[in-house]
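1 is the number of the first residue of the sequence shown in the UniProt record's numbering; add one for each residue after it.
No lab work stands behind these hints, which were simulated from the structure alone.
Check each hint, because a few of them may be wrong.
[What the hints assert, rightly or not] Restraint ranges, calculated between C-beta atoms of paired labels, are given here: (1) Gln41 / Asp131: 17 to 25 angstroms; (2) Gly193 / Ser165: 18 to 26 angstroms; (3) Ser252 / Glu99: 30 to 38 angstroms; (4) Ala38 / Ala115: 29 to 37 angstroms; (5) Gly39 / Asp131: 30 to 38 angstroms; (6) Ala137 / His92: 44 to 52 angstroms; (7) Glu88 / Gly242: 37 to 45 angstroms; (8) Gly107 / Gly193: 26 to 34 angstroms; (9) Pro106 / Ala42: 22 to 30 angstroms; (10) Pro97 / Ser263: 14 to 22 angstroms.
Where a beta carbon is used, it is the ideal one built from N, C-alpha and C, also for glycine.
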Amino acid sequence: MISGMSILAEAVAALREWQHDDAPVQLHPGDLGWFWRAGAQATAAAVRTWRRDGRIVAVGLLDEPDLLRLTVAPDALRDEELARQLAEDLAHGVLPPGEVSLEAPPGALVRDLLAEDGWRAGEAWTPLVRDLTEPVADPGLRIEVIGPEQAPVWAGVLRASFDGSTFTEQRWHAMAAGAPFADARCLLAHHQGTAVAAVAVWSAGPGRRGLLEPMGVHRDHRHHGHGRAITLAAAAALRELGSSSALVCTPSTNVAAVATYRSAGFRQLPQRRDLHRDA
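Go ahead and model the full structure; you've got the sequences and the hints to work with.
Below, the structure written as structure tokens:
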């Protein structure tokens, strides 16, 4: 029997391998790393894997009870046998009955099959990427790479950046204990001695695409360019970690976030939509 933690480690390794600049924007090991704030057991319970000949060819993260974030190995995006298996499993057990949503890479055959089965376009997302070949401009603020001692400050800035956030110091420690965090950094931006913005960046290894997740600016310190500054710092940190490019994805309705990322040198990619199944 393969343990949940062993499967989780294999899933993280597969997701690392699939992060290439010419591959579709897809689930990243950093997404699992950010989910790890709920703890290792909860993360293992939320991950689904599909195999062929012993190799993982698809990974899903049940990010919410009614939302599965699914990705497929780049060389299997149009594989009919896998796509039909995924569609069958999504209809019978992987997702609960009733109204649900699915994130899947553009071009994946499973999207076509689900659309034929009545799934419709759901929430719109805007991915943005920045090439990291060249050095990144100075952000203009003091940037701190935090460790356990600064976790309460980082958690506090993050809570103040998102309405309804329940992020805590304990959740930071749980996240930092996860396997993906070995290639991650948590940054704080300071203005006149006050922490004003926070970001986590996740490398998938040298020569692969890195991820920003999450990024937030304290609600009391907005409209001063701090979002652009912490985003520049995030890009620079990923470049130091060896990432070939930096990726961030935000709801298309968050036009302010899209503008912030673009101001930090990120290039907007075509909008993508989740798939939604009505009750």
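### Message
Verify the CB-CB distance for Ala38 and Ala115 against the hinted window 29 to 37 angstroms.
### Response
holds (31 angstroms)
### Query
Is the hinted range of 18 to 26 angstroms satisfied by the C-beta distance from Gly193 to Ser165?
Roughly 24 angstroms apart at Cβ, these two residues keep to the hinted range, so it holds.
### Query
Is it true that the C-beta distance of Glu88 to Gly242 lies inside 37 to 45 angstroms, as the hint says?
At roughly 39 angstroms between Cβ atoms, Gly242 and Glu88 fall inside 37 to 45 angstroms, so the hint holds.
### Task
Given the range 17 to 25 angstroms, decide if the beta-carbon distance of Gln41 to Asp131 lies inside it.
At 38 angstroms between Cβs, range violated.
### Query
Using the C-beta atoms of Ala137 and His92, is the stated range 44 to 52 angstroms upheld?
holds (51 angstroms)
### Task
Return holds or violated for the Cβ distance of Gly39 and Asp131 against the range 30 to 38 angstroms.
holds (35 angstroms)
### Query
Lying within 26 to 34 angstroms: is that true of the beta-carbon distance Gly107 to Gly193?
Given about 48 angstroms between the Cβ atoms, the range is violated.
### Query
Could one say that the CB atoms of Pro106 and Ala42 fall in the range 22 to 30 angstroms?
The hinted range 22 to 30 angstroms holds for Pro106 and Ala42, with Cβ atoms some 29 angstroms apart.
### Query
Should the hint that Ser252 and Glu99 are 30 to 38 angstroms apart at their CB atoms be regarded as holding?
Once the Cβ atoms are compared, 21 angstroms apart, the range 30 to 38 angstroms for Glu99 and Ser252 is violated.
### Task
Starting from the range 14 to 22 angstroms, see whether the pair Pro97 and Ser263 falls in it by beta-carbon distance.
violated (44 angstroms)
Hints 1, 3, 8, 10 from the list above are not met by this structure, while the remaining hints are.
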